[in-house]
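Going by this note's numbering, the sequence shown opens with residue 76, and the numbers climb by one from there.
If you're looking for bench data, these hints aren't it; they were derived computationally from the structure.
Idealized CB from N, CA, C, for every residue including glycine.
Certain hints may be false.
Stated by the list, open to error - Pairs of lysine-lysine, DSS-like flavour, derived with a Cα cap of 27 angstroms:
1) K181 x K99
2) K136 x K181
3) K99 x K136
4) K117 x K99
What the hints assert, rightly or not - What follows is a set of in silico ranges between Cβ atoms, one per label pair, in the way DEER data are often shown:
5) A228 x G80: 55 to 65 angstroms
6) V231 x E124: 31 to 41 angstroms
7) L219 x L324: 17 to 27 angstroms
8) Q126 x Q303: 21 to 31 angstroms
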Amino acid sequence: MTEAGELRVVVVEDEPAARRLLVKLLSAHDDVRVVEQCRHGKQAVDVIEAQRPDLVFLDVKMPELDGFGVIAQIGAERMPPVVFVTAFDEFAVRAFDVHALDYLVKPFSDARFEATLQRARRRLAEAQAGKLRALLDGEREDSLTRFAVRLGARSVVVAARDVAWIEAQDYYVLLHAGGAAHLVRQSIRALEGRLDPRRFVRINRSAIVNLDHVRALDRRALGPWTVQLADGSALQVSRRRHASVVRLLGERG
Numbered sequence: 076m077t078e079a080g081e082l083r084v085v086v087v088e089d090e091p092a093a094r095r096l097l098v099k100l101l102s103a104h105d106d107v108r109v110v111e112q113c114r115h116g117k118q119a120v121d122v123i124e125a126q127r128p129d130l131v132f133l134d135v136k137m138p139e140l141d142g143f144g145v146i147a148q149i150g151a152e153r154m155p156p157v158v159f160v161t162a163f164d165e166f167a168v169r170a171f172d173v174h175a176l177d178y179l180v181k182p183f184s185d186a187r188f189e190a191t192l193q194r195a196r197r198r199l200a201e202a203q204a205g206k207l208r209a210l211l212d213g214e215r216e217d218s219l220t221r222f223a224v225r226l227g228a229r230s231v232v233v234a235a236r237d238v239a240w241i242e243a244q245d246y247y248v249l250l251h252a253g254g255a256a257h258l259v260r261q262s263i264r265a266l267e268g269r270l271d272p273r274r275f276v277r278i279n280r281s282a283i284v285n286l287d288h289v290r291a292l293d294r295r296a297l298g299p300w301t302v303q304l305a306d307g308s309a310l311q312v313s314r315r316r317h318a319s320v321v322r323l324l325g326e327r328g
C-alpha cells in the first residue's frame, strides 16, 4: 500500500461483465484504486510487472494463459498478493498452495466480496507488520504461515501457528492442530525447509514440533528425552537433535 494508505489493485478477468462488476465494487471504496484492467493472462503478466500493484484479483480460467500460469511466469516470490476469482471451487487447494489471500467463487454476493476485500486488507496489514518484525528479530519472511487442507467436501485454512506438531506419513504429513489431524501431500523433509526455524524444530525422523506448543522437556531415569505438548502429546527427541531443541527452547526463555 502507498504511504497514503491507498490500495492499488489490478483486475484480471476475461469475462467483460465479471470484470466490470469487480471494478465497480472496488471503485466504491475511496482508498482503492484500480490501476489496470486485464482481459487475459498474457496482458496481466506485462501489467503486473510494470505496475507492481498491492493486490491482484485474478481469474483462474482464461484462454492461453490461466491464473496459475500468470503466477508461474512472474514467479511466486515476485507475485503481488492475489485473490483468485473463478466459477470452479475445485481449484481452492491449489490456490492456497501458491499463497493466495482468498478465493472468490462466482457468482458471489456483494457481502461476500466485501468480506474478501476486508480479509485481504487484514492480511496485507499483517504482512507489513510481519516484515517489520522480521527486520527487528531476524525472522524469515518467506516461511510458510498457513496450510490449505481438505475437510470433507470443503477446503479450509489452518494457520501454521495453530499446528502443534507434524507427523511424517511416508510421502505425506499429518498436521496435528486443535485436536484434529489433517493430511497434506508433502514429505516432512520438504516441509521442514518451508517452516520458520525459530518456531518449528525437527525432533526426530518422523516429527516436527511447534515450540509455542511445548510445555516441558522431560526425561525419565536414563531413558530418552521427550517433549510434552499443550495438547497432551508426548514425543520422543532423538539423541542427535536434543541439543538443538534445548537451544531453541532456551532462546524462547
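These are the hints, each one checked on the structure:
1. For the suggested pair K181 and K99, the alpha carbons sit about 16 angstroms apart, so the restraint of at most 27 angstroms is met.
2. A C-alpha spacing of about 12 angstroms is found between K136 and K181, which places the hinted pair at or below 27 angstroms, so the restraint holds.
3. For the proposed pair K99 and K136, the alpha carbon gap of about 21 angstroms is at most 27 angstroms, so the pair holds.
4. Restraint check: the Cα-Cα separation between K117 and K99 comes to about 23 angstroms, which is no more than 27 angstroms; the hinted pair holds.
5. In this structure the supplied range 55 to 65 angstroms is violated for A228 paired with G80, their Cβ-Cβ distance being about 39 angstroms.
6. Take V231 and E124: their Cβ atoms lie about 33 angstroms apart, and the range 31 to 41 angstroms holds.
7. For L219 and L324, the hinted distance range of 17 to 27 angstroms is satisfied, since their beta carbons lie about 21 angstroms from each other.
8. Distance hint check: the CB atoms of Q126 and Q303 are about 51 angstroms apart, inconsistent with the given range 21 to 31 angstroms.
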